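Participant: For the protein sequence lines, the chains are Y and B, in the order given. Just so you know, we're using our numbering here: the first sequence kicks off at 1 and counts up by one. Just so you know, we're using our numbering here: the second sequence kicks off at 1 and counts up by one.
None of these hints come from the bench; they were simulated from the model. Watch out, some of these pointers could steer you wrong.
[Unchecked claim] Here are the simulated SDA-like pairs of lysine to any residue, each with C-alpha atoms no more than 20 Å apart in a straight line: (1) B:Lys57 - Y:Ser30; (2) B:Lys13 - B:Phe64; (3) Y:Lys99 - Y:Ile19; (4) Y:Lys53 - B:Pro39; (5) Y:Lys99 - B:Lys13; (6) Y:Lys99 - B:Glu75; (7) Y:Lys104 - B:Gly40; (8) Y:Lys68 - Y:Thr109; (9) Y:Lys53 - Y:His38; (10) Y:Lys99 - B:Lys57; (11) Y:Lys99 - B:Gln54; (12) Y:Lys107 - Y:His73; (13) Y:Lys53 - B:Glu110; (14) Y:Lys99 - Y:Ile65; (15) Y:Lys107 - B:Gln37; (16) Y:Lys107 - B:Gln41; (17) Y:Lys99 - B:Gly42; (18) B:Lys13 - B:Glu52; (19) Y:Lys107 - B:Gly40; (20) Y:Lys54 - Y:Glu67; (21) Y:Lys54 - Y:Ser24; (22) Y:Lys107 - Y:Glu67.
[Said to hold, decoys possible] Pulled a few chain Y residues facing chain B out of the computed Cβ check, cut under 7 Å: (23) Gly41; (24) Ile43; (25) Ser45; (26) Met48; (27) Gly52; (28) Lys99; (29) Leu100; (30) Phe102; (31) Lys104.
On a predicted model such as this, the values are computed, not experimentally measured, just so you know. Heads up, the beta-carbon is just placed ideally off N, CA and C, and yes, glycines get one too.
The residues making up each chain are set out below.
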Amino acid sequence: KNEVEQSPQNLTAQEGEFITINCSYSVGISALHWLQQHPGGGIVSLFMLSSGKKKHGRLIATINIQEKHSSLHITASHPRDSAVYICAVSRRNQGGSEKLVFGKGTKLTVNP
Amino acid sequence: KAGVTQTPRYLIKTRGQQVTLSCSPISGHRSVSWYQQTPGQGLQFLFEYFSETQRNKGNFPGRFSGRQFSNSRSEMNVSTLELGDSALYLCASSVGTGLAWVREESAYNEQFFGPGTRLTVL
Chain Y
1 KNEVEQSPQN LTAQEGEFIT INCSYSVGIS ALHWLQQHPG GGIVSLFMLS SGKKKHGRLI
61 ATINIQEKHS SLHITASHPR DSAVYICAVS RRNQGGSEKL VFGKGTKLTV NP
Chain B
1 KAGVTQTPRY LIKTRGQQVT LSCSPISGHR SVSWYQQTPG QGLQFLFEYF SETQRNKGNF
61 PGRFSGRQFS NSRSEMNVST LELGDSALYL CASSVGTGLA WVREESAYNE QFFGPGTRLT
121 VL
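Build out the structure end to end from the sequences listed, making use of the hints.
Facilitator: Spelled out as structure tokens, the structure:
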């Protein structure tokens, strides 16, 4: 079983729909990251959080530490949101270094 | 401020050869991490360097190595290439810290990714 599980693997939505991507993890973490990867490979960090909720524009990320679960929500989705969304958790060692463990990603396609 | 740059962007090698990839972090960032992305395994952590020292290492064979220079630029090397080494190799930089008490969500730990080097092994 992977340490980080994402669902769904693929998601197709119509423009304007509310989208939720889920991430569950099985290990102790120092932080959880949501990343966006567009075709061509470039990765952008969307959120890094260790508790509660963060909002940036139409994107909202929540995390429940007790349940080891996080969700990424996109409100009023748009075709430009089409990308692969990757959940990653930080495992930190005593020296302070960070190691990211990644989910397999959710491929989102938003149709006009 | 310039972003993370990686060179080369594309590379084709044959089995048995070796390859060196380069990563220049954002100015002021001292931590550089390397990742491998393949269709089958997804993204996997290779190693992390901070102030010229390898601080963390993933589960990759010894053919994968790296180093960091005093200006924080980093290189990774793969020797005796195998077909399965074909992948997108990404590096990410962060300000980094050696202080374990720094809050997990601190800006010190936010990672900024480069565009990647796509390596094809024939």
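Participant: Now, for every hint given, state plainly whether the structure supports it.
Facilitator: Hint by hint, here is what the structure shows:
no.: 1; hint: B:Lys57 - Y:Ser30; in the structure: holds, 17 Å
no.: 2; hint: B:Lys13 - B:Phe64; in the structure: holds, 15 Å
no.: 3; hint: Y:Lys99 - Y:Ile19; in the structure: violated, 28 Å
no.: 4; hint: Y:Lys53 - B:Pro39; in the structure: violated, 31 Å
no.: 5; hint: Y:Lys99 - B:Lys13; in the structure: violated, 29 Å
no.: 6; hint: Y:Lys99 - B:Glu75; in the structure: holds, 18 Å
no.: 7; hint: Y:Lys104 - B:Gly40; in the structure: holds, 9 Å
no.: 8; hint: Y:Lys68 - Y:Thr109; in the structure: violated, 27 Å
no.: 9; hint: Y:Lys53 - Y:His38; in the structure: violated, 24 Å
no.: 10; hint: Y:Lys99 - B:Lys57; in the structure: holds, 8 Å
no.: 11; hint: Y:Lys99 - B:Gln54; in the structure: holds, 12 Å
no.: 12; hint: Y:Lys107 - Y:His73; in the structure: holds, 14 Å
no.: 13; hint: Y:Lys53 - B:Glu110; in the structure: holds, 17 Å
no.: 14; hint: Y:Lys99 - Y:Ile65; in the structure: holds, 19 Å
no.: 15; hint: Y:Lys107 - B:Gln37; in the structure: holds, 15 Å
no.: 16; hint: Y:Lys107 - B:Gln41; in the structure: holds, 15 Å
no.: 17; hint: Y:Lys99 - B:Gly42; in the structure: holds, 15 Å
no.: 18; hint: B:Lys13 - B:Glu52; in the structure: violated, 28 Å
no.: 19; hint: Y:Lys107 - B:Gly40; in the structure: holds, 15 Å
no.: 20; hint: Y:Lys54 - Y:Glu67; in the structure: holds, 18 Å
no.: 21; hint: Y:Lys54 - Y:Ser24; in the structure: holds, 18 Å
no.: 22; hint: Y:Lys107 - Y:Glu67; in the structure: violated, 24 Å
no.: 23; hint: Gly41; in the structure: holds, 4 Å
no.: 24; hint: Ile43; in the structure: holds, 4 Å
no.: 25; hint: Ser45; in the structure: holds, 6 Å
no.: 26; hint: Met48; in the structure: holds, 6 Å
no.: 27; hint: Gly52; in the structure: violated, 10 Å
no.: 28; hint: Lys99; in the structure: holds, 5 Å
no.: 29; hint: Leu100; in the structure: holds, 6 Å
no.: 30; hint: Phe102; in the structure: holds, 4 Å
no.: 31; hint: Lys104; in the structure: holds, 5 Å
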